[in-house]
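Q: Protein chains in written order, with the working numbering: chain A, 44 to 193; chain B, 44 to 193.
A hint or two may mislead.
Remember, identical chains collapse to one label, so a pair may be satisfied in a single copy or spanning two.
As the list claims (entries may be wrong) - With a Cα cut of at most 20 Å, we get these calculated DMTMM-like pairs of lysine to aspartate or glutamate:
{"#": "1", "residue 1": "68", "residue 2": "185"}
{"#": "2", "residue 1": "116", "residue 2": "72"}
{"#": "3", "residue 1": "182", "residue 2": "60"}
{"#": "4", "residue 1": "119", "residue 2": "132"}
Note that these hints are calculated values from the structure, not bench results.
2 protein chains.
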Amino acid sequence: MTDGPTFATPGSAKELEEGRALTPKFDADGLVTAVVTDAASGDVLMVAHMNAQALRRTIETGEAWYYSRSRKKLWKKGETSGHVQRVKELRVDCDQDALWLKVEQVGESACHTGRRSCFYRAVPLGKAGTALEFRDADKMFDPKAVYGKS
Amino acid sequence: MTDGPTFATPGSAKELEEGRALTPKFDADGLVTAVVTDAASGDVLMVAHMNAQALRRTIETGEAWYYSRSRKKLWKKGETSGHVQRVKELRVDCDQDALWLKVEQVGESACHTGRRSCFYRAVPLGKAGTALEFRDADKMFDPKAVYGKS
Chain A
44 MTDGPTFATP GSAKELEEGR ALTPKFDADG LVTAVVTDAA SGDVLMVAHM
94 NAQALRRTIE TGEAWYYSRS RKKLWKKGET SGHVQRVKEL RVDCDQDALW
144 LKVEQVGESA CHTGRRSCFY RAVPLGKAGT ALEFRDADKM FDPKAVYGKS
Chain B
44 MTDGPTFATP GSAKELEEGR ALTPKFDADG LVTAVVTDAA SGDVLMVAHM
94 NAQALRRTIE TGEAWYYSRS RKKLWKKGET SGHVQRVKEL RVDCDQDALW
144 LKVEQVGESA CHTGRRSCFY RAVPLGKAGT ALEFRDADKM FDPKAVYGKS
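Whole structure, please, built from the sequences with the hints as guidance.
A: In structure tokens form, the structure reads like this:
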């Protein structure tokens, strides 16, 4: 596994949309958005970001790597918790600035709060300002026990 | 429907993650990421962005509004094509910088290229640089006919 330049510079809109070359359109920070769904249930588990290195490692290893904007570093999902993500399918969107990973989530939990998915609260429609409703919010693990902090 | 200040400033990590107040963590450009899935199939249809105004309109109307980074303007999905998105459920993630919309996609096509989903190409795993594979890439409509350009 090497981490040299991997992806060619994006071409025209037509090449991006209809071509067979993966030429991700990284943003000013060098990142693309990664949407992660559970390959079995289809639920969205989390949204994260990848730089070129994270994307290359994900492709080459079949396990999900991301770039943490807060910690400013490459990270392998599950490196602390053991809850790695095995990528069953990886897709890229029309303009190649977003990726969709269908994963098998080891440990059944993708969220650092211990929930299966990061999306455990619903926003009621109709009136802005209505209280959020917790849904599918059971904790699969205790974050304090896994990460040593709440 | 008004478009004044809608959402309170995000509080502590604990308030963001465990609270019942929607206090989106907009980025430096005033945006959050919106992941859109088909409420019936669970497939990811597209990834877009919302500013506060787009989010408020989405909540109040039950139809999806976004903010276009390229056109630098608020837009209602389907305003040109008629392919609006009826929001069946709206969720927010742990740190409130991403939203998940489960929608009923009118016209069966979310992508401006005419496909059902923007994610119509798979990235083969194992070796970076392998050609993309088209999947579920049938066009539901002719973009030229709908938008007047290819």
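Q: Provide an ascending list of the numbers of those earlier hints which the structure does not satisfy.
A: Of the numbered hints, just 1 does not hold.
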